[in-house]
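Protein chains in written order, with numbering that gives the first Met the number 0: chain C, 0 to 342; chain B, 0 to 342.
Because the hints were derived from the structure by calculation, they are not lab data. Warning: the hint list may mix true and false statements.
In silico lysine to any residue, SDA-like type, Cα no more than 25 Å apart, as pairs [as the list claims (entries may be wrong)]:
| no. | chain 1 | residue 1 | chain 2 | residue 2 |
| --- | --- | --- | --- | --- |
| 1 | C | LYS91 | C | PRO71 |
| 2 | B | LYS248 | C | GLY317 |
| 3 | B | LYS248 | C | GLY132 |
| 4 | B | LYS248 | C | ARG212 |
| 5 | C | LYS166 | C | SER216 |
| 6 | B | LYS199 | C | MET67 |
Protein chains: 2
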Amino acid sequence: MRIALDGMGGDRAPAVVVEGALKALKEGPSDLEIVLVGRPEELKAELARLGAAEGALRIHPASQAAGMQDAPSHVVRQMRDSSIRICFDLHKQGEVQAVVSAGNSGATMAVGMVVMGRLPEVDRPALASALPGLKGPTVVIDVGANVDCSPLMLLQFGYMGAAYAEKVLGIKRPAVGLLSIGEEDVKGNHVVKLAHEYLKNSELNFVGNVEGRDLFSGRASVVVCDGFVGNVCLKVSEGLAEAMMTLLKDNVFASLRGKVGAFMLKPALKSLAERLDYSSYGGAPLLGINGVGLICHGASSPRAIASALAAAAECVRGGLVSHLEEGLAQFRGRLLGESAAAE
Amino acid sequence: MRIALDGMGGDRAPAVVVEGALKALKEGPSDLEIVLVGRPEELKAELARLGAAEGALRIHPASQAAGMQDAPSHVVRQMRDSSIRICFDLHKQGEVQAVVSAGNSGATMAVGMVVMGRLPEVDRPALASALPGLKGPTVVIDVGANVDCSPLMLLQFGYMGAAYAEKVLGIKRPAVGLLSIGEEDVKGNHVVKLAHEYLKNSELNFVGNVEGRDLFSGRASVVVCDGFVGNVCLKVSEGLAEAMMTLLKDNVFASLRGKVGAFMLKPALKSLAERLDYSSYGGAPLLGINGVGLICHGASSPRAIASALAAAAECVRGGLVSHLEEGLAQFRGRLLGESAAAE
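Next comes chain C alone, as it looks inside the complex (with noise of 0.2 Å):
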């Protein structure tokens, strides 16, 4: 199991991203090999800075490195030799099973698309992340890669989002819902309305519209939207867990009689923290690509990205490329018939 890890990806790259891969040698999977891409006297500072002991992993050259203010194109065409780049020139050539950055996701997700192509029937790879509900993980699909969607894209999220929960989650016919503001078909801004057209007459199992509270609710397993809104409902996710568990700090320490129930309560809260907690779901994979590429936030901490390396290797020991093929390919015939009525 050999993962490309993008060394200079990540708000504080190449510093946390060093710290998790050596966390995800010691924490994770035992068959794990990582290749760290990047620049090799930073990468190798860094290693030295942890006292990680030589050789620990294997430093592949990349002379430049995508900034956040890149656009896409650019890295695609100009940086050649950026760290994401070489990540997915590695996978494509056989070196590498996977890829994980916690980089600019729009360049991610550009270079993947070019280096390693696209499977049948997607026109563009969307990102997935599972987010932890009450009754088990809804994926929620696209959420950052792609932010200006056409009806058919949803369509196609809806697709691969579906063939990732019942072929990766082991989510069987998974209920696919449509986020608008109402649960009323005629709801939602142009854009959802057409698609809810289309996803009605797909044969997913569409249970209609779903509202924001239904990401938690269980409703669906999978929630289909474009990636603006995907995008800022994670966040706004991760913003409210955050301010919720200042604001319950805050209260617990105001009184003495807060202080003793803290004390006893400890166990609870942190497993409550734990279960809340972003980092240890690892990185939202890129679906539609034909290869493995796991997309990290760019505040990830180590723990996160240790997370999304043992997230990758599972999503190569499962299969998740010819099992996304095989869910879509159901569909072909459909899919196809929706592009031509649309054109």
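Assemble chain B onto chain C, guided by the hints.
Below, chain B without anything else, positioned relative to chain C:
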């Protein structure tokens, strides 16, 4: 202080609405008078069921009720005797000073706009909601009135949100942020990128793009977004807050130690729950109409209805409309210039 309440609007109308009205009369502002609008027999039956004294509130008849499925244009054109229409007619005639409804929000907005008219400089009224943040409230605008927005509409939302935050909530020179999926200027979908340019060149205290997490961080006092995204954000927050309280209770009661801790913590948990309970925040004001209209969640509890009635009274007393007009007037030349430039 006389307020028209849409007796037929809401998922569990008229029962919950009538209960909320009685609660407001008991606990709300002492000078509050409520005109309950709807089918007299149904409203009287509810009042009798709740044991209300005869004449506790005035009933004004309306023979029709707009449903959640009814298109706003249909309600405007065909339902001239709907409860929401009569509410605004009473407002226009000066019989009441504000309107509160938990009914179809699109219809409420459309009727409010048609009957009351718009303030100068406003193309489309928008719904503002003040979310409880760690450092005070954050005004999110729009939270559901306009699902497809132009960049210029987002600019106007910025002006209205800032005027509301400053003049009604008392936040001096409020920081205005544009909701996007990254802080960098170049991030966002097509409309957001254009709106960013408008906002950057406005006289507002524009702090740039903010992310979903900033709805609670206090980075901006006003967050601008289209009504689709804003509504989804609101409902994601509600859903997550509920899920977290459920998880907390599950965790707390999972062990004897937890049970003892929970007893000790009860006051703190209760104060936390109250701070997070959206029903205590009342309705969302419809900014940009020439009057005061508050829209409540369709699933509002009696408490939420009562809070909205109190909030409406607050808006009237605070001079919402004249302050908003004044706030917008500062930018009159600017807005006209922008509009002309956009044409």
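Given the proposed pairing of LYS91(C) with PRO71(C), does the C-alpha separation stay at or below 25 Å?
-> holds, 19 Å
field: Hint consistency between LYS248(B) and GLY132(C) [alpha-carbon to alpha-carbon, up to 25 Å]
entry: holds, 15 Å
**Asked** Are the Cα positions of LYS199(B) and MET67(C) separated by 25 Å at most?
**Response** holds, 21 Å
### Message
Would the hint linking LYS166(C) and SER216(C) be met if the CA-CA limit is 25 Å?
### Response
holds, 22 Å
Would the pair LYS248(B) and GLY317(C) pass a check requiring their Cα atoms to be no farther apart than 25 Å?
Violated, at about 35 Å.
Would you mind confirming whether the straight-line C-alpha gap from LYS248(B) to ARG212(C) stays at or under 25 Å? OK: LYS248(B) and ARG212(C) at ~19 Å, within 25 Å.
The earlier numbered hint that this structure contradicts is number 2, and it is the only one.
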